[in-house]
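Student: Spelled out, the chains give:
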Amino acid sequence: MINQLSWKVGGQQGEGIESTGEIFAIALNRLGYYLYGYRHFSSRIKGGHTNNKIRVSTTQVRSISDDLDILVAFDQETIDLNYKELHSNGVILADAKFDPKKPEDTEASLYAVPFTEIATELGTSLMKNMVAIGATSAILDLDIHVFEEVVREIFGKKGDQVVAKNMDAINAGFEYTKEKMDGNVPTMQLEKADGKHRMFMIGNDAIALGALAGGCRFMAAYPITPASDIMEYLIKKLPALGGTVIQTEDEIAAVTMTIGASYGGVRAITASSGPGLSLKTEAIGLSGITEVPLVIVDTQRGGPSTGLPTKQEQSDLMAMIYSTHGEIPKIVLAPSTVEEAFYDTAEAFNLAEEYQCPVIILSDLQLSLGKQTVEPLDFSKVEIRRGKLVTEELPEIPNKGYFKRYEVTEDGISPRTIPGTKNGIHHVTGVEHAETGKPSESAANRIAQMDKRLRKVENIRFDTPVYKNAPHEEADLLIVGFNSTRGVIEEAMGRLEKDGMKVNHAHVRLVHPFPTDELLPLVQSAKKVIVIENNATGQLANIMKMNVGYAEKITKFIKYDGNPFLPHEVHSKCKELF
Amino acid sequence: MATFKDFRNDVKPNWCPGCGDFSVQAAIQRAAANVGLEPENLAVISGIGCSGRISGYINSYGFHGIHGRSLPIAQGVKMANRDLTVIASGGDGDGYAIGMAHTIHSIRRNIDMTYIVMDNQIYGLTKGQTSPRSAVGFKTKSTPMGSIEQAISPMEMALTAGATFVAQSFSTDLKDLVALIEAGINHKGFSLINVFSPCVTYNKINTYDWFKENLTKLSDVEGYDPSNREMAMQTLMKNNGLVTGLIYQNTERPSYQELIHGYSEKPLTEADLDLNQEHFDKLVAEFM
Chain A
1 MINQLSWKVG GQQGEGIEST GEIFAIALNR LGYYLYGYRH FSSRIKGGHT
51 NNKIRVSTTQ VRSISDDLDI LVAFDQETID LNYKELHSNG VILADAKFDP
101 KKPEDTEASL YAVPFTEIAT ELGTSLMKNM VAIGATSAIL DLDIHVFEEV
151 VREIFGKKGD QVVAKNMDAI NAGFEYTKEK MDGNVPTMQL EKADGKHRMF
201 MIGNDAIALG ALAGGCRFMA AYPITPASDI MEYLIKKLPA LGGTVIQTED
251 EIAAVTMTIG ASYGGVRAIT ASSGPGLSLK TEAIGLSGIT EVPLVIVDTQ
301 RGGPSTGLPT KQEQSDLMAM IYSTHGEIPK IVLAPSTVEE AFYDTAEAFN
351 LAEEYQCPVI ILSDLQLSLG KQTVEPLDFS KVEIRRGKLV TEELPEIPNK
401 GYFKRYEVTE DGISPRTIPG TKNGIHHVTG VEHAETGKPS ESAANRIAQM
451 DKRLRKVENI RFDTPVYKNA PHEEADLLIV GFNSTRGVIE EAMGRLEKDG
501 MKVNHAHVRL VHPFPTDELL PLVQSAKKVI VIENNATGQL ANIMKMNVGY
551 AEKITKFIKY DGNPFLPHEV HSKCKELF
Chain B
579 MATFKDFRND VKPNWCPGCG DFSVQAAIQR AAANVGLEPE NLAVISGIGC
629 SGRISGYINS YGFHGIHGRS LPIAQGVKMA NRDLTVIASG GDGDGYAIGM
679 AHTIHSIRRN IDMTYIVMDN QIYGLTKGQT SPRSAVGFKT KSTPMGSIEQ
729 AISPMEMALT AGATFVAQSF STDLKDLVAL IEAGINHKGF SLINVFSPCV
779 TYNKINTYDW FKENLTKLSD VEGYDPSNRE MAMQTLMKNN GLVTGLIYQN
829 TERPSYQELI HGYSEKPLTE ADLDLNQEHF DKLVAEFM
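Top line first, the protein sequences correspond to chains A and B.
Start counting the first sequence at 1; every next residue gets the next number (the working numbering).
Start counting the second sequence at 579; every next residue gets the next number (the working numbering).
These aren't lab readings, by the way, just hints derived from the structure by calculation.
Don't be surprised by glycine CBs; every beta carbon is placed ideally from N, CA and C.
Some clues are possibly wrong.
As the list claims (entries may be wrong) - Over the 10 Å line for every Cβ pair with chain B, so calculated as not near, a few chain A residues:
| id | residue |
| --- | --- |
| 1 | Ala164 |
| 2 | Asp250 |
| 3 | Tyr467 |
| 4 | Glu552 |
Unchecked claim - Here are the computed lysine-lysine pairs in the DSSO-like style, where the Cα-Cα straight-line distance is at most 27 Å:
| id | chain 1 | residue 1 | chain 2 | residue 2 |
| --- | --- | --- | --- | --- |
| 5 | B | Lys844 | A | Lys422 |
| 6 | A | Lys236 | B | Lys844 |
| 7 | B | Lys860 | A | Lys157 |
| 8 | B | Lys590 | A | Lys422 |
| 9 | A | Lys404 | B | Lys860 |
| 10 | B | Lys860 | A | Lys236 |
| 11 | B | Lys844 | A | Lys237 |
| 12 | A | Lys422 | B | Lys766 |
| 13 | B | Lys766 | A | Lys400 |
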């Protein structure tokens with residue numbers, strides 16, 4: 001019996017690799033297993049190698065596994081590109097159609113199963129994916145009926161016959177593998193899962209759901225990988241709440257329309273990736289100086305420019321903290337799990353309205369697209385707080401005076417009225433302005449308004465600015481990360497602890513304003529600090545050195561080849577330090 | 579009920595004496611009063627440039643944004659609160675150069691709002707460079723040998739982009755301009771009004787006198803029918819775009835708001851921000 005399994009299916013893009021993984025994963029998720037899926041894909045629709053690696057476990061997992069138990073291959077390229085991940089007892093299940101060849105330098109076993117032939121005999125070669133699921137089930141000794149519900153959901157619209165045929169294909173794959181290879185194939189039987197029903201979703205789903213829960217009723221966005229899922233989800237769900245999504249002509253229209261809607265008084269969002277964020281930077285400054293709440297999602301991918309559009313990277317960190325000319329108050333959140341992506345997105349709308357400034361939700365491709373089992377989300381934790389939004393009736397202002405929308409206050413935050421509010425008229429401009437919003441170039445006013453804006457976020461309240469798993473008062477090593485590296489660090493930490501090292505882990509969830517006070521004691525009490533990040537220059541490490549100090553203690557472990565970290569990489573790098 | 583004076587504020591425009599934009603400002607104020615608006619129910623969203631300052635010179639909600647982006651901001655405002663009257667405004671550089679994509683797509687989208695372009699064929703605030711509306715041969719600081727690019731024809735362009743309301747006016751024709759802005763506000767959809775608004779400082783070619791000599795009023799064109807798109811296009815081409823009046827109006831096509839699936843009849847600003855637990859559970863179940 002095993003309590004963890006790593007399974008990968010690969011082939012040419014456009015031949016159903018994604019749905020094969022999806023059906024396999026959903027069924028196992030419903031049995032109560034924890035899943036973590038990561039797709040390798042290219043920026044094209046048909047052709048090119050693609051694969052879906054799925055980890056199945058009886059406990060929660062948040063990273064890709066180092067190795068592989070089963071590789072399902074629809075072409076030789078899949079074998080050649082992925083066989084090295086297989087451990088010595090690993091199994092390759094390959095379509096007999098392409099006459100698969102096992103590379104010499106692997107102890108894993110290869111079994112050719114006529115996926116395509118069986119499927120064709122049953123009606124259509126398209127069902128070869130189902131045959132492969134059946135073959136996998138034989139090795140896992142899994143009752144194929146677990147797939148019935150999912151198959152019905154996916155193919156039900158096409159009629160009972162299609163559902164039955166697909167189930168036949170799964171069954172045929174199962175029977176063939178059992179029969180022909182009985183005794184030869186090592187079965188890998190998974191320990192029984194707890195049977196609980198949990199959500200299975202990508203980070204982008206959680207962001208979109210968080211937006212709905214957080215009161216977002218309007219979105220303007222431009223399609224881009226890996227952010228489009230957010231707009232696609234919201235356009236399906238917002239109409240039931242009276243809201244909508246507009247697909248704009250470009251990224252600049254998306255952000256400025258969002259600013260307009262937010263100024264108009266509705267909770268609004270836009271989402272993009274690095275190239276889109278580059279285009280949005282001028283508008284981010286507009287939100288900063290006009291103090292219009294703005295919520296933006298940046299799902300990082302490989303940069304710069306078009307970079308590696310379908311690959312993992314965390315290289316927008318500095319850009320999100322600093323981008324836009326001039327100086328503005330800004331909040332940058334970096335959820336590290338799907339659960340946090342939900343709560344942080346909902347909270348971003350509160351922060352944007354309370355602090356009247358841009359709030360960027362930083363995600364990365366692995367977090368946004370990695371599909372995983374999620375612990376139940378607690379809706380009662382979601383609050384709606386609108387800050388100093390004026391809702392009561394206002395007194396008339398004599399002589400057509402303007403409402404002091406930019407009143408200089410102690411906390412820097414001014415009362416805010418929205419268009420339509422009687423006696424709340426004021427001017428809004430990206431030009432430096434006085435308390436009523438009217439343009440002003442006076443030096444004293446400039447200082448007063450600039451200071452007012454910047455002090456708004458000085459004492460920002462955010463529940464958990466740093467996720468800490470710090471069991472040691474004095475640690476040998478502090479590992480620091482942000483966004484999706486949470487799981488890989490947790491896993492490496494477990495191994496290092498087994499090796500006898502004292503390790504603390506800090507994951508930065510509020511990257512700006514930087515939570516120096518939270519990190520300082522952890523840095524001080526560690527002999528060494530290592531920052532794990534998917535970029536080429538060590539951006540978080542540099543921010544740590546700048547804010548926390550102790551530069552001599554801080555090293556970085558960077559990876560910028562487009563692939564997420566694997567647990568063994570982090571583990572061995574940390575060991576090297578000692 | 580508010581009068582045009584209620585739409586005035588105490589800010590003195592920083593426009594040059596004689597600038598065409600003063601009339602546009604007055605026309606918006608009068609039109610707003612004439613259609614029965616209260617100042618708090620009007621939002622004027624403007625771009626950057628001399629004319630972009632206009633939102634600060636009207637006693638209403640006003641948003642002076644960034645260069646070329648008045649339209650997306652204005653559309654966002656209207657989406658948030660469909661009960662507001664939203665006017666976007668700016669210059670020809672704002673709308674036909676840096677913001678051209680938004681102009682065309684706003685026309686296509688047809689959100690119920692009005693866009694007033696103050697067209698002076700020059701960049702004024704940056705002190706005299708060529709604009710996409712400058713004629714071939716027009717000498718400016720950035721085209722010392724004369725512009726060699728073809729000028730944009732915004733009215734023809736609007737017609738081809740599927741506009742439902744296209745009008746053009748001249749800033750001295752205050753009465754006509756007020757009437758057109760009123761018609762634009764009342765139009766159920768996106769209305770584009772291009773206003774020739776001479777720059778007295780940097781454009782010595784397209785002067786008040788030049789426009790008086792060259793403009794043709796559509797009311798003087800016998801048998802002109804603004805519901806006839808083909809006639810509109812022919813008339814524009816025949817007159818090199820130099821016509822004033824209501825060029826084209828399509829009252830049949832519903833506005834964007836009327837077509838959005840599920841869009842709230844009430845302003846979104848009044849939406850209940852609380853999802854209830856039951857609704858949330860339903861959404862969650864879809865991921866199980």
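Student: State for each hint whether it applies.
Tutor: Here is how each hint holds up against the structure:
Listed as outside the interface, Ala164 of chain A is consistent with that label: its C-beta sits roughly 24 Å from the nearest C-beta of chain B, beyond the 10 Å cut-off. The Cβ of Asp250 of chain A does not lie farther than 10 Å from every Cβ of chain B; its closest approach is about 6 Å, which violates its non-interface assignment. Tyr467 of chain A, annotated as away from the interface, keeps every beta carbon of chain B farther than 10 Å; the closest lies near 23 Å. The claim that Glu552 of chain A is not at the interface with chain B holds, since no C-beta of that chain comes within 10 Å of its own (minimum 44 Å).
The suggested pairing of Lys844 of chain B with Lys422 of chain A holds, with an alpha-carbon distance near 18 Å, which does not exceed 27 Å. The suggested pairing of Lys236 of chain A with Lys844 of chain B holds, with an alpha-carbon distance near 20 Å, which does not exceed 27 Å. Annotation: proposed proximity of Lys860 of chain B to Lys157 of chain A holds, straight-line Cα distance about 21 Å (limit 27 Å). Annotation: proposed proximity of Lys590 of chain B to Lys422 of chain A holds, straight-line Cα distance about 23 Å (limit 27 Å).
About 43 Å separates the Cα atoms of Lys404 of chain A and Lys860 of chain B, which puts this hinted pair outside 27 Å; it is violated. With a C-alpha separation of about 14 Å, the suggested pair Lys860 of chain B and Lys236 of chain A falls inside the 27 Å cut-off, and the hint holds. Restraint check for Lys844 of chain B and Lys237 of chain A: satisfied, since their Cα atoms lie roughly 18 Å apart, inside the 27 Å limit. With a C-alpha separation of about 25 Å, the suggested pair Lys422 of chain A and Lys766 of chain B falls inside the 27 Å cut-off, and the hint holds.
A threshold of 27 Å between alpha carbons decides the hint, and for Lys766 of chain B with Lys400 of chain A the separation of about 31 Å lies outside it, so the pair is violated.
Against the hints set out earlier in the document, violations occur for numbers 2, 9 and 13.
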